[in-house]
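Colleague: As a plain string of letters, each chain reads:
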Amino acid sequence: MDKSKTFDLSKTGLTRRTALKGLAAGAGLAVAPGFVRYSQAQSSAPIKIGFQSHRTGIGAAYGRWYEKTTAAAIKAINDAGGINGRPVEVIIEDDGTDPGRGAEVVGKFATQHKTDIVFGTLFSHVVIGSAPAAGEAKMPYFVVSEGHHVASTKLNRYVFQPGITDVKSQIQAMAPWIAANAGKKVTQIFPDFAFGYDHRDYLPPALKAQGAEVIAQIAIPPTESSFTKYFPQIPAETEVIYHVMVGPAVLTFVKELGEFYGSNRPQLFGFIDSLEATDINSPGLEFLDGSHFWEGSPRYAQPDDSAAQKAYRAAVGIDDNGAAVGDPKDVSTAAHMFGCWETLYVVKKAMEDAGYKGPEDRAKLVEATEALTEFAEGPEHPQGPKTFNGKIHQCFGIQNISKVEGGRLNVVHKTKIEDGLYEPEGDYTTQSL
Amino acid sequence: MKDASPAKPYALHLGVIALLFALSFVLPDYHHGLLARIMVLAVFAMGYNMLFGYVGLLSLGHAMFFAAGLYGAGLAVIHLGWSVPTAFASGVVCGAVLSLVIGVLALRTSGVAFMIVTMMFAQVFYLVILYFASWTGGDQGMVVPQPARVLTFGATSLDLTNPIVRYMSALTLFSVVLLITLAVVRSRYGRVLVAIRENEERTKMLGYDTFSNKLAAVIMSGTICAASGAAYALLFGYVGSSFASVQYSILPLLWVLLGGGATTLGPLIGTLFMYYVVDITSGYTSAYLLIVGIALILLVLFFPKGILGTIRHRWLAWLP
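So the sequence lines, in the order shown, correspond to chains A and B. Residues in the first sequence are numbered consecutively from 1, following my numbering. Residues in the second sequence are numbered consecutively from 1, following my numbering.
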C-alpha cells in the first residue's frame, strides 16, 4: 500500500490531540485523572510487560501455571538487576481464552496500561485473533503458544515466538524416533479441529521421509464423549497408534481404548498436551503404562537434569513429580510453561541489545529480536539450547520423548535441533515497521 | 398511524449520534478503541432487537447471521482479494440470503420451537465453518491482512486500521442502522410488527399476511447483523469460529434485555453497559462473570423491561 496516498487524520490540521487540548481548556476535562496525558521519566520507571493470561475459559489450567512461571522469571530477572537497570513489572489481563476479548486486551495494554510489550498467550485462536491488534498498535507481541501460526508468516512483524518450538517442528522431530522404535504403520487419532489438523497434515510427510507411513487418520469431533465406535476403524495391521486427544474427554478416550484392546495393544505414542495438568496416575490412565509421549520440557525430574533445570524447577515451585511444591494434586503444565521463562529472557536480551528505553524504541526491539540467532542452554534457557530464525520469528529446539513407567514419565530420547528444522514459509523482515 | 410529534425522537437520536461523534475527540485512546468495537456490536444487537423486541421472536441462532457477514466479508478479502466495499457488500448479501433461507424454514415454527430451530441452524452453520477449515481457518480463524483493509476513493484512501478512521466507520454504520431502525419502527410496517408481537391471530384477522411480514423482519434483522459482522471483520481484522458459537447468539439477547427490548437505543446502552462491567470487573477478579451475573439479576429485579424500557415505562413514554 502506498502510504503517501493514505488519508491520515493525524497528519491534517485537526488531530484528536489538538482537539483534546482545545476542548480540555474549556471543559476542564484535563483535570480528570483518566484524561491526563503526561510523559514519564523513563530512567528508573519499570519496564511494563502486559501479560495476556487465560485466567478463565478453556485455557485456565494453563493460564494459572503460565502466571506462576512468569512470576518466578520476573523475580529472577529483577533480583539480578532488571532489564537495562530498570525493574520489570507485569500487568495481567484475563482474555477469557477468547479471541475477541484477546484483541481488546491487547488494545488495553497498548492504550490504557501503555505497556512496553504484550506477552504470554497460549491458545492459537487467541493469538490469531489478537495479532491484528498488536500489529496495528505496533506492539511487540511475544506469544508462548507452540502453534505454527507465527512461523507460517501469516501474522505480522510484531508477533514473535522465541521461547517455545512450534507444533510443525515438534511433529517433524518425532517422526525419526517413531519410525525407528515404535513401528512403521501408524494410525492417527486426533480431534477434529485445528490442533488435530496440524498433526494430520505434518506427520504423514515426516514419517514418509523416514520410511514409515500413516495408514489411517481418524478425526474425532470435539463434541464426542464416547470413542468406542471409532476404534473398529483402526486397521488391524496398525503398529503404532498416534493420539493427540485433548480436553476433558481424554480420560474416557484412554479408558475405552484400553477396554477395546485389552493387554494386546499396538504401540502408543501421544502428545502430552492431552494430559497437561493431569496426574498420569489418575484412575483410567493405567492403559498408558509403557506408552510414549512427546514432552517439551520433562514433567518429572530426570537423573541427568542440568543445574539450570533444577534451579528453574525450584524457582517455579514444582517438585520432582512436576506438581506444585506442597500440593501433589496440583500438577503443572511443565511441557509448555518453561516457554514463559525462556521468552522473558529473550525479551531481556533483545531489550538490552536494542538499548530499549521506552515505547518509542519498539521498532528497535523488533529488529533486535529478529537479529537473535542462538540461545545457549543455561539458567536463562533451562529446557535446552535453541536457534532462532529472525525471518519467521520462531525458535527451534530439542524435544523429549518420555516413556510412562512406574507411574512416572522417564525421558528415553532427546531429539536434535536439526530434527525439527524446516524450510521457512515466508519472511516477516520484508514487512515495514 | 404516526406519532404526532416526530421531532423529539429524531432530535434525541441525532443528539446521540452527535454525542458519539464528539466523544471521538475527547475519549482517551483505550475507551476510544473500545467504543468503536461497542458501536459495531451494538449494530448486531440492533439487528437482534428488530426481531426479538419488535416482533417478539426469540432467536437463539443470530450468531450465524453475524458470522455470515464476518466470513462473507473476511473470506472475500483473504481468498479473493476483494476491496473493502465489495467485501462489505458480500458480507451483507451473505447475511441477507442466509436469513431468507432460515426465515422461510424457521418461521414454520413459533415460540420455543423457533428458539430451538434457530439454535440448531446456528449450530449447523458453526460446524460447517469447522468442517471447511482449510477455507475458514476452522476454530483458529484467520487474519484479514492489514494492507487489504484500506478503503480507496480515487486518489485518496482511508486506512481502516487507523483508530480515527475505524471509529468514524463504526459510527457511520451505527448511525445509518440506528436511523433505519427508527424509521422502520415508526412506520406503518413497524406497527404491523408490533401488532404481530401483541396478537398474531388478531393481526391475521385484520387482513395482514403475518408470515410475509415476519419473513421481512427476519431478513432485515439478519442483514443488519451481517452488516455488523462484515464491519467487524474489516475493522478489526479477524474472522474466527468463536463468533459463530452459541455464546454469540446469547450475547445480543443479553445486550437487548439489558438495554431494553423494543427500544431503538436500548441495544447500544445494553452493549455499552455489559462491556464496561466485564472490562472493569475483570481487572479485580477472575470471578467477574459472577459479578456480571449478579448485575443481571439486579437489573431484572429493578429494571424488568431493561434500562431504557423501564425509563420509557416510568417517565418518557414517547421514547421509540
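Honestly, the hints are just simulated from the structure, not real lab data. Where is the CB? At the ideal position from N, CA and C, for every residue including glycine. Take the hints with a grain of salt, since some may be wrong.
Stated by the list, open to error - Stretch by stretch, here's where chain B covers chain A in the computed footprint (C-beta under 8 Å, at least three residues): (1) 128-138; (2) 153-165; (3) 416-429.
Colleague: State the violated hints by number, sorted upward, taking the hints as numbered earlier in the document.
Modeller: 3
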